[in-house]
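Chemist: Sequence:
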Amino acid sequence: MQLLPGSARILMVSLSALLLLLCCATEAHNITSILAKNPEFSTFNHYLTVTHLANEINLRETITVCAVDNPGMSDLLAKGLSVYAIKNVLSLHILLDYFGAKKLHQITNGTALAATMYQATGSAPGASGFVNITDLKGGKVGFGAGGNDGDLTATFVKSVEEIPYNISVIQISKILPSEEAEAPTPGPSEQNLTALMSRTAARCSRTHWWRRTPRRHMRTT
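Numbers -28 to -1, 1 to 193, taken from mature numbering (1 follows the signal peptide of the UniProt record, and there is no 0), label the letters of the sequence shown in order.
Incorrect hints may have been included.
[What the hints assert, rightly or not] Dumping the calculated DSSO-like pairs for lysine-lysine here, alpha-carbon to alpha-carbon at most 30 Å:
#1 Lys9 x Lys74
#2 Lys130 x Lys51
#3 Lys75 x Lys146
#4 Lys130 x Lys74
#5 Lys74 x Lys146
#6 Lys75 x Lys9
#7 Lys9 x Lys146
#8 Lys112 x Lys130
#9 Lys9 x Lys112
#10 Lys146 x Lys130
#11 Lys74 x Lys112
#12 Lys51 x Lys112
#13 Lys75 x Lys130
#14 Lys51 x Lys9
#15 Lys51 x Lys74
#16 Lys146 x Lys112
#17 Lys51 x Lys75
[Claimed, not checked] Each pair of labels, with its calculated beta carbon distance range:
#18 Ala8 x Leu49: 15 to 21 Å
#19 Thr4 x Glu151: 25 to 31 Å
#20 Thr83 x Ala(-1): 29 to 35 Å
#21 Ser5 x Thr34: 15 to 21 Å
Hint data in this document are derived by calculation from the structure and do not stem from the laboratory.
Virtual Cβ for every residue (Gly too), placed ideally from N, Cα, C.
Given only the sequences and the hints, what does the whole structure look like? Please build it.
Modeler: Take a look at the structure:
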């Protein structure tokens, strides 16, 4: 059967769209699936899901996840932080740039300051939303929270999985300490309540002022 010119064009467009969808599906990444292959990151993986960071990671491209093993996560959980503070801490371990193992050992000038997902929240004070990455030579690479006086508190352990220039998952030796990220953070309901109370207080203040303001009555002639 011979297709009409119009039908042939429609078929070609449909095939092109299908190929594009297949390519996108191939390039998409799923951090939960990547970490699930490595049981030593099960706690880290669990909290990425609990804090909804996993979804945010999957929606981004050109990203690096600095995973920490189960003992390292135990040290974090022992601090008794709220789930919102844990989210901030883990956000600090998600770099908004691609750092594969090769790039880590070839950093220009030996050091780099990488923005993180914590910085992207807009709630990170000063430089606390950045991570300092320094090539220590001899095969070692150090990591430190930007607001931690430049101290390199963790080192690169290994590459877990790399999808070049899309996502890199690496292991670092321990959680990056950050007083700013660990600070108590009100949950969404508390934040909404605070905003509501502020609006109510402002409204009451305006009403109180209006009632106390002398009103002039117009005389009729």
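Chemist: Now, for every hint given, state plainly whether the structure supports it.
Modeler: Structure-based check of all given hints:
no.	hint	verdict
1	Lys9 x Lys74	22 Å, holds
2	Lys130 x Lys51	26 Å, holds
3	Lys75 x Lys146	20 Å, holds
4	Lys130 x Lys74	11 Å, holds
5	Lys74 x Lys146	21 Å, holds
6	Lys75 x Lys9	24 Å, holds
7	Lys9 x Lys146	20 Å, holds
8	Lys112 x Lys130	10 Å, holds
9	Lys9 x Lys112	25 Å, holds
10	Lys146 x Lys130	13 Å, holds
11	Lys74 x Lys112	12 Å, holds
12	Lys51 x Lys112	28 Å, holds
13	Lys75 x Lys130	13 Å, holds
14	Lys51 x Lys9	28 Å, holds
15	Lys51 x Lys74	34 Å, violated
16	Lys146 x Lys112	14 Å, holds
17	Lys51 x Lys75	33 Å, violated
18	Ala8 x Leu49: 15 to 21 Å	20 Å, holds
19	Thr4 x Glu151: 25 to 31 Å	29 Å, holds
20	Thr83 x Ala(-1): 29 to 35 Å	32 Å, holds
21	Ser5 x Thr34: 15 to 21 Å	19 Å, holds
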